[in-house]
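Just so you know, the protein sequences line up as chains W and A, in that order.
Going by UniProt numbering, the first sequence runs without a break in its numbering and finishes at 971.
Going by UniProt numbering, the second sequence runs without a break in its numbering and finishes at 307.
Since the hints were derived computationally from the structure, they do not count as laboratory data.
Note that beta-carbon positions come from the ideal geometry of N, C-alpha and C, so glycine has one too.
Heads up, a few of these hints could be off.
[To be verified] Computed cross-link-like contacts, BS3-like style, restricted to lysine-lysine with a CA-CA straight-line distance of at most 30 Å:
| id | chain 1 | residue 1 | chain 2 | residue 2 |
| --- | --- | --- | --- | --- |
| 1 | W | K367 | W | K356 |
| 2 | A | K229 | W | K963 |
| 3 | A | K121 | W | K963 |
| 4 | W | K970 | W | K935 |
| 5 | W | K963 | W | K883 |
| 6 | A | K237 | W | K970 |
| 7 | W | K356 | W | K546 |
| 8 | W | K883 | A | K179 |
| 9 | W | K354 | W | K426 |
| 10 | A | K229 | W | K970 |
| 11 | W | K883 | W | K897 |
| 12 | W | K523 | W | K426 |
| 13 | W | K883 | A | K237 |
| 14 | W | K281 | W | K367 |
| 15 | W | K281 | W | K356 |
| 16 | W | K249 | W | K523 |
| 17 | W | K254 | W | K354 |
| 18 | W | K72 | W | K346 |
[Unchecked claim] Pairwise CB distance ranges, derived in the manner of DEER restraints:
| id | chain 1 | residue 1 | chain 2 | residue 2 | range |
| --- | --- | --- | --- | --- | --- |
| 19 | A | A191 | W | P876 | 31 to 37 Å |
| 20 | W | V439 | A | A127 | 31 to 37 Å |
| 21 | A | A191 | W | A464 | 37 to 43 Å |
[Claimed, not checked] Chain W stretches covered by chain A per the calculated footprint, using a threshold of three residues with CB under 8 Å from any CB of chain A:
| id | region |
| --- | --- |
| 22 | 22 to 35 |
| 23 | 441 to 453 |
| 24 | 719 to 727 |
| 25 | 731 to 740 |
| 26 | 835 to 846 |
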Amino acid sequence: MRLNALLTLFLSYVSSVHAILADEAYHVDYHHALLGIPQAETTFFHQPSSSSNASLLYTISEKAIIGAVNPKDGSVVWRQSLADSLPEPPTVVEDVVKLPNEEQQRALRGIGPAKAGLLAEEGSGFVVSYYGSAVSAWDAMNGKLAWQRFMPQGQHVKSAQLIPSGRDVSSSSAVDVVVLYGTEGGTVTRLDGSSGAVVWEYEDRSGASPRYLASTKKSIYYVSEQSAVLAANSMKIVSLNTENGREDKSHVLKTDEVVTVSSCPNVAFISWHERSSRSMKVNVLGSNKVNTLNLERSNEEEIEAVSVLPGCGDSSPSHILVHVQTRNGVWAEVFDIDSDSAEVRKAYSLLYLKGKGAFAVSIVDEKPHFTRITDFEIELYSFAPGIMVARWPRNQPSFGGPGHAQAEVVLRGQSNYAIRISEVAKGGEWTLMRNGELVWSRPEMLANVVAAAWVEDVSGEALAHELDFEGHENPLRAYTHRLKRHLRDLEYLPAWLQQLPSSATSGLLTSKAETEKGLLGHKLLVVATSTGQHVALDPAKAGAIKWKRLAQEASDEARAVSLYVHDGVVTSYVNKWGIMTINATDGRDISFDQSDAHFTGVIIAPGPVAPVAYRISRDGQPKPTAIDDVAKDGTYLVTRSASGQDVQGWMVGRSNIKLWTFSSAAGSRITNVVARPAHDPVSSIGKVLGDRSVLYKYLSPNLVLITSAKRGSFTIYLLDSITGTILYSATHEDADTSSPIPSVLSENWFTYSFFGTSDAKSPSKCHQLVIVELYESPIPNDRGPLGSSSANYSSFYPGSITKPHTITQSFVITQSISHMSVTQTAQGITSRQLLCTLPDLNAIIAIPRYLLDPRRPVDRDPTREEAEEGLFRYSPVLDLDPKFFLSHSREVVGIQKIISAPTLLESTSLVFGFGGLDVFGTRVTPSKAFDVLGKGFNKLALIGTVAALGLGTAVLAPMVRRKAVERGWKL
Amino acid sequence: MLLLLLPLLPLLATIPHLCSAASLIISIPPSTQLPNPNTLPPSTHATLLSGDPQVSPISTPLTTRSTIEFHNLSLPASPASSAQSYLLTISALSHVFACYRVDIIPGGSVDGGAVIEGIWKTYPGSAWSDRGPILGGKAAQGGGASGRVVNSAGSGSSSEGPAPEQQPGQEQTVRIDAKVLSRREFYEQRAGFNPLGLLMNPMVLLGVVAMGITFGMPYLMDNIDPDLKAEFQEQQKNSPLAGMHSALQAAASGGGGSTAGGVGGGGPASNFDLASWMAGAGKSAQGQGGVSSSGVDLREGAGARKR
């Protein structure tokens, strides 16, 4: 203990500001820059500039992220969050508890969920997106905003189209944007493509709900659904003049459940069908004629899904590909549209194939070509004869089956086709294949990660078990066992001997990643996504995916709650689905339990044999997974009810007893409950001051930090989790409680951050970081009530609870913090760093703990003794040095949670951030790498020095000998 | 008359929601820290934070013109707040920008229009009322502040005005220049192996000098003129340093070091008094020394110094 204390003291001096080294950046850290799973309608190849032929892949994902991806290597060129700039109504704490009233509910229903769309026109230089109430034009090359327009009163955009502007291209944009918005009675607005200014507006005052917008070169079609009272499922189609927005003509159609509207340059059409119907109806917009298309096949399978892909060439006629999905197979029907007679005729069908498949339409030389993508091959059909012109085998099937795909086909010569296919698999993986060969794949499902856990490599544990066996047997049996083990090991000897020279030389020249891995421990990261998938990442190999598992038949509402790893088995708790166990090394299923699968959280408690999982119900009640599988008696749990109204203390075991309830004050809500990390070793029980006296730390494993917020103020409570006694509380008035108030508790200190005013007399709007340290007594060398009474101390006796002596300082920081965590090392000797997410800068930062020492002298310079402790003068503004940025120049977007794990090296801690969009991992050495030779260690220089010394000795030795002999003769 | 008004109808319908609103345009000019503002990443954005949980933060990204534009700034619907004070922060990963204070007050119109009262530079940690010179806004109109204020009152008579500024009511546009404070430097260069740096180490330098003396001096001595050599040796004998040197040598060879004089046999050490030399007595002390041993002298000197 004393040695530890000494070491800690030493390390606290060592830790000065130290940055990411330029040669370690991008090597020790890994980052998946993600967009979220791309949506079918909003993903396409597009040439950003007319000067070059190179195209980029544009998408809007289900996370409302618009982005461009380079099809060559799959790297993100740019991305923007569409939801960020929306003027969302603030989430007031009280309103979360209380259900919205009748009027608000109706308004919410009317607006509906925000719909995203993406439009692009070749040569325009920008892409136009709409989401919620905003229409934005982005520079196609660099992703900067060209213009943005918000619809009045926050009304959602329903649909938008690009139309040729008809103006002089040199001075303004070649295309204009037509937007449809509104809830009861839509408004169609034409916006200038270069500035977003309104050219004209058409307002529908009939009260019908606006649905779709379609456009051709000649006119714009506005489709609205008539109110259900008058006529159910009837669509009114109004054609508008593109020049002035006047109504030309209109007609009403009776439609079915599933309606699709598609636009081509020369024709726009509406198609509808009933669910699982064997026919489909199509109307060319602008005419009254309704065509009925048969989707019959001899096989009598029930149709599960029908989707319509328009194939628009600039020349007439246009085509429709209808993709029909049945339970076991898939086929497609291709139809011709004659825009003059408004007739739709069947051209041919593409063969029925078993299994799942996707179709894509691409235009080559003004003629549509259809691509069918299955798990095994890619088939390209040319339109004119309707025959397969090329096929490529696939070298690997898509993860979870093909979802949707986009194809880019190039024809060289007469019949030499080349194809690039961007495919989004059902499992969320986005891949690009060139002629069937996989070029890259992006694990977009990682954008939905909700839980993560570290897995220790268990391969070394087999040896440990055998050694354990040898230790507990009688000597003879142990000896034979050992002899057998060594004989078995002999078979690896030749291979080992073979690679010995190469490993010796390679080890000499470079510090190999393999040795590094051996020192850090063979750790894997298992993550669970909200859709029930499980993926293992290898931190040693730049976060590469080791295995991935798709959840079978998980419902949409299924949400992974918690992951727990024990003995190489991952147990995943998925709410509304069940509990599944997976082998951590290869991802194979072990078991699946679907009973009683409704819980909001899971707590792992120590049991008599193995750890026991307790499921937490909505009201905060813990329930053991199996009746007889209970925790050890005297195990205490703290739970929070889902409503955020109270926190409860429980004693579990053979019977569950609720010990205390902490209810939030009227009008406030518990937003955050944190405890000390499960692995939080403390190397020293006291803090050695400059005069060699000791300030004893208040170290209790049973601390809970609760944040309770109401409008405009919040209170921090520190509770003893066994008795429920409040040990400390602090209230901050005039704080912004609509933004997160992150907090973290470790060792004998806790911190939290918020945006608010710093003091009542001269308010200042700033982000603040507050640190509180807990000590047993304000007097050095005094243990307070703990020291005087006796060694017998029990937290069960309420009178024995001593309140800690707290020292607090608060700092002004220039950035908001959305999440906090703390580094963890094996022994806790290394000083800690506070890990924070800076959402505005898309960065993760590690603030050294010594900067946040609340004992820093205020308004005076430190005395000699204080300086010896490492304290320096307090300054109210805590500068977030760029050197603290763990994510350095990477943009790590949307990290909501950071976890940390110790390694075999005391100096090093592994860090992994996930949650909102990206995943990011790195390793940190808060007190520098004091127990391992880094890259700075030059083996060649060391060998060179030794060699030079040897040479020097060899040269000097005869000289010295001669001199000694001469001296001997002189005497 | 009615017919004349007809083309204005769609425009009139928009009046209720296009009430007077304010626009704030922040441009990022080239500076020494940021020579080319076009290199800023597309994630650069500005945020208006009020700190009031009922007023949501407003955020907008960087445009292709290297500006950040807030359009239709309006006051929240809540009746309690008549004016709102915002903290304007500009976030870019590569650069640090100054913070500003933006005050928005109700505009002239009845239906909740808004006007930017003023924009000031603010400093983290300083009081909210401590603000720098006004950069723009309504309050800056009277004094000739650096900010440019554009107030364009649309007449509403022309229905074909495509410019967004020409909307009915009063549109206020305030332009300010954002100040880049510094560039973020994330990396530290590793101190590589530097042979010259190793040689500049004082220990190594000492060693080199010692080596030079050990090897170079005998060689030099052998090569110099015999007359000069003799003179040098003579000088060396007389010099106090040489005296000290030989005294020490003598003391060392004297074993227990009782009386150096006895063993030295009248060497140059016998007439050197280290203590008095150190005390600055110089030649006169040497003369006094006579036959006394250097050991005694040392003690005496120490005593003298005490006195």
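A quick look at each hint next to the structure:
no.: 1; hint: W/K367 to W/K356; in the structure: holds, 26 Å
no.: 2; hint: A/K229 to W/K963; in the structure: holds, 23 Å
no.: 3; hint: A/K121 to W/K963; in the structure: violated, 78 Å
no.: 4; hint: W/K970 to W/K935; in the structure: violated, 54 Å
no.: 5; hint: W/K963 to W/K883; in the structure: violated, 57 Å
no.: 6; hint: A/K237 to W/K970; in the structure: holds, 22 Å
no.: 7; hint: W/K356 to W/K546; in the structure: holds, 25 Å
no.: 8; hint: W/K883 to A/K179; in the structure: holds, 22 Å
no.: 9; hint: W/K354 to W/K426; in the structure: holds, 17 Å
no.: 10; hint: A/K229 to W/K970; in the structure: holds, 21 Å
no.: 11; hint: W/K883 to W/K897; in the structure: holds, 21 Å
no.: 12; hint: W/K523 to W/K426; in the structure: holds, 29 Å
no.: 13; hint: W/K883 to A/K237; in the structure: violated, 62 Å
no.: 14; hint: W/K281 to W/K367; in the structure: holds, 24 Å
no.: 15; hint: W/K281 to W/K356; in the structure: holds, 25 Å
no.: 16; hint: W/K249 to W/K523; in the structure: violated, 68 Å
no.: 17; hint: W/K254 to W/K354; in the structure: violated, 35 Å
no.: 18; hint: W/K72 to W/K346; in the structure: violated, 38 Å
no.: 19; hint: A/A191 to W/P876: 31 to 37 Å; in the structure: holds, 34 Å
no.: 20; hint: W/V439 to A/A127: 31 to 37 Å; in the structure: violated, 57 Å
no.: 21; hint: A/A191 to W/A464: 37 to 43 Å; in the structure: holds, 41 Å
no.: 22; hint: 22 to 35; in the structure: holds (count 3)
no.: 23; hint: 441 to 453; in the structure: violated (count 0)
no.: 24; hint: 719 to 727; in the structure: violated (count 0)
no.: 25; hint: 731 to 740; in the structure: holds (count 6)
no.: 26; hint: 835 to 846; in the structure: holds (count 4)
Hint compliance for this structure: hints 3, 4, 5, 13, 16, 17, 18, 20, 23 and 24 are broken, all remaining hints hold.
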